[in-house]
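Undergrad: Read off the chains here:
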Amino acid sequence: MHTIGLPPESLYLELVTFTHLNPNPVLVLDAQGHVRYLNLAARQMQKEFDLADADILKILPTNIAEIMRQCLESGTQARRLESQLQNRWFGWSAYGVPGGQTVYFHGADITGYKKVEKEQNELRLKLVQNDKMASIGQLAAGIAHEINNPLSFVVLNLNHISNYGRGLLNIVEQYDKVATLVKAGSLSPELEAELTGVQDTKAREEFDEILDELPSLLQESQEGAERIRAIVLNLKEFSHTGEGAQKHADINRCLQSTLKIVSYELKYKAKVIEQYGDIPEVLCYPQELNQVFMNLLVNASHAIKQNGEIRIVTARRDEQVIVEISDTGCGIPPENLSRIFETFFTTKEVGKGTGLGLSISSEIVKKHQGRIEVESTVGVGTTFRIWLPTGQGGPQAAGDQNVGGHRKL
Amino acid sequence: MASGRVLVVDDEQNLRKAVHRTLTKAGYDVIEAEDGEKGIAAVQSGDNPLRLDVIICDVHMPKVGGKEVVAYLKSQFPSVPIIVLTGDPQYKDATDFLANGASAYLAKPFEPAALVKTVAKCVEKHVFHH
Chain F
1 MHTIGLPPES
11 LYLELVTFTH
21 LNPNPVLVLD
31 AQGHVRYLNL
41 AARQMQKEFD
51 LADADILKIL
61 PTNIAEIMRQ
71 CLESGTQARR
81 LESQLQNRWF
91 GWSAYGVPGG
101 QTVYFHGADI
111 TGYKKVEKEQ
121 NELRLKLVQN
131 DKMASIGQLA
141 AGIAHEINNP
151 LSFVVLNLNH
161 ISNYGRGLLN
171 IVEQYDKVAT
181 LVKAGSLSPE
191 LEAELTGVQD
201 TKAREEFDEI
211 LDELPSLLQE
221 SQEGAERIRA
231 IVLNLKEFSH
241 TGEGAQKHAD
251 INRCLQSTLK
261 IVSYELKYKA
271 KVIEQYGDIP
281 EVLCYPQELN
291 QVFMNLLVNA
301 SHAIKQNGEI
311 RIVTARRDEQ
321 VIVEISDTGC
331 GIPPENLSRI
341 FETFFTTKEV
351 GKGTGLGLSI
361 SSEIVKKHQG
371 RIEVESTVGV
381 GTTFRIWLPT
391 GQGGPQAAGD
401 QNVGGHRKL
Chain D
410 MASGRVLVVD
420 DEQNLRKAVH
430 RTLTKAGYDV
440 IEAEDGEKGI
450 AAVQSGDNPL
460 RLDVIICDVH
470 MPKVGGKEVV
480 AYLKSQFPSV
490 PIIVLTGDPQ
500 YKDATDFLAN
510 GASAYLAKPF
520 EPAALVKTVA
530 KCVEKHVFHH
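Sequence lines, in order, name chains F and D.
Here this note's numbering is used: the first sequence runs in plain steps of one and ends on residue 409.
Here this note's numbering is used: the second sequence runs in plain steps of one and ends on residue 539.
Bear in mind the hints are in silico, worked out from the structure with no lab data behind them.
Since the structure is predicted, the reported quantities are computational estimates derived from the model, not experimental observations.
Wrong hints could be hidden among the right ones.
[Said to hold, decoys possible] FRET-style restraints, in silico, Cβ to Cβ: (1) S454(D) to E173(F): 38 to 48 Å; (2) E477(D) to P150(F): 35 to 45 Å; (3) A184(F) to P458(D): 49 to 59 Å; (4) L217(F) to A523(D): 16 to 26 Å; (5) A523(D) to S186(F): 50 to 60 Å; (6) A523(D) to Q256(F): 42 to 52 Å; (7) K447(D) to G379(F): 48 to 58 Å.
Glycine included, every Cβ here is placed at the ideal spot set by N, Cα and C.
With these hints in hand, go ahead and build the complete structure from the sequences.
TA: This is the structure we're talking about:
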């Protein structure tokens with residue numbers, strides 16, 4: 001023992017006191033695993049976790065037998081061992097003197113570190129996932145155009161084929177009528193043969209089946225094309241091209257420029273009233289928010305048959321900016337209200353709505369740590385309300401507390 | 410009497426034909442071309458070379474970029490509304506084109522009804538201003 005170089009005896013009292021009163025638990029075990037000494041902190045742990053004397057080793061990692069063997073044989077200093085009790089984590093070091101009969105354990109509460117570690121792992125996973133999705137998004141963005149190009153004439157042509165098909169069938173129907181008339185009169189053998197031939201051809205070509213199935217074949221194909229369009233759009237949602245940092249944006253200006261884009265769609269149907277409040281800038285991805293505003297404005301115009309009103313209101317409440325887009329359109333029935341943000345949920349007829357707009361908009365708002373609400377009355381109108389944190393942080397400035405009147409339609 | 414005369418500029422022949430067909434059936438007189446220059450030439454060498462109500466132009470043609478085509482068409486027929494067809498509409502695209510002289514845009518794929526309605530609105534606008 002004296003070859004190790006221990007401190008002088010004069011310090012022994014201080015060192016014992018240090019060990020005994022150390023806020024971190026210390027255990028001294030003999031080679032057989034019996035407890036020779038517990039400091040106050042270790043005893044405190046025993047009490048805290050309600051452990052009987054015989055169970056005190058439960059505060060140590062589960063594999064101490066192997067650790068002890070290593071410590072005693074080769075003097076290994078084992079570090080970063082962990083044990084878990086209820087919701088708490090403890091990190092331990094163990095060491096012994098080679099050839100000796102005693103192993104020393106020294107621990108610390110690492111619950112806090114474990115929590116951070118867990119959060120970091122989750123964040124890392126999320127980043128990897130985001131990266132993957134962004135890659136998918138970028139790929140999708142790259143080929144969206146490639147897909148949409150041929151898809152565009154498929155859509156137009158299916159429409160024409162549908163009309164042509166109907167035309168051809170009408171012609172056949174009329175020829176059938178002619179055949180009936182002809183058969184009623186006297187027939188030359190050639191005519192008779194031809195008419196019989198037509199019947200045979202009709203049977204061979206499964207004419208009845210054509211009549212029956214052609215409309216649905218076309219309808220289903222058109223639906224398929226629409227779904228392709230929607231999926232490409234949906235995939236692009238994950239694209240992060242050109243999107244590095246957020247910007248401080250004036251939401252009023254965003255709304256004004258979005259309005260300019262959609263005005264050609266709105267102006268024939270509704271009067272647009274703009275009530276812009278005095279609002280602070282918002283830290284955001286302005287392009288994405290504009291997408292949301294465009295979606296809501298287009299939806300509003302679709303809800304209105306004619307001569308309606310669309311109202312845009314912005315206001316500040318504390319550190320949030322509120323954007324309200326209301327319409328005097330047909331309204332949303334209560335049973336649909338809870339579903340409108342679902343992906344692919346739509347009440348529009350096939351080919352008219354993808355059911356993606358609001359689900360993407362809601363994702364974008366969530367991404368900005370905001371929230372989106374809807375109020376609606378059938379036959380009266382609908383209001384969408386978006387809350388966006390300014391993202392500025394810092395002390396709350398005195399601002400306009402008024403939302404501009406709660407509009408419950 | 411046609412509802413209006415439309416120039417369709419698109420390097421993708423299948424799409425050009427499909428748009429031509431749709432608009433012809435809707436009563437429009439359609440001139441097709443695979444690029445802006447050929448389009449302008451086709452209009453100017455035809456009967457009634459000054460009559461053009463709408464230009465439909467694809468803006469993802471590999472040879473000449475979208476903005477240049479729109480600018481060129483605008484320079485030749487300054488008062489004619491231009492509808493741009495885009496395969497990959499980003500919000501930014503829309504603002505760019507509308508800022509550079511396009512009157513409307515259609516994102517591919519579009520329904521034939523949407524095409525006809527947009528053309529009708531532009532023709533109405535054009536006729537009204539003249």
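Undergrad: Each of the hints needs a verdict: does it hold here or not?
TA: Consistency of the hints with the structure:
1. S454(D) to E173(F): 38 to 48 Å: holds, 45 Å
2. E477(D) to P150(F): 35 to 45 Å: violated, 24 Å
3. A184(F) to P458(D): 49 to 59 Å: With Cβ atoms ~58 Å apart, the hint holds.
4. L217(F) to A523(D): 16 to 26 Å: holds, 23 Å
5. A523(D) to S186(F): 50 to 60 Å: 55 Å Cβ-Cβ, so the 50 to 60 Å window holds.
6. A523(D) to Q256(F): 42 to 52 Å: Violated: the Cβ-Cβ distance is about 25 Å, outside 42 to 52 Å.
7. K447(D) to G379(F): 48 to 58 Å: holds, 53 Å
Figure legend: structure checked against the earlier numbered hints; hints not met, in rising order: 2 and 6.
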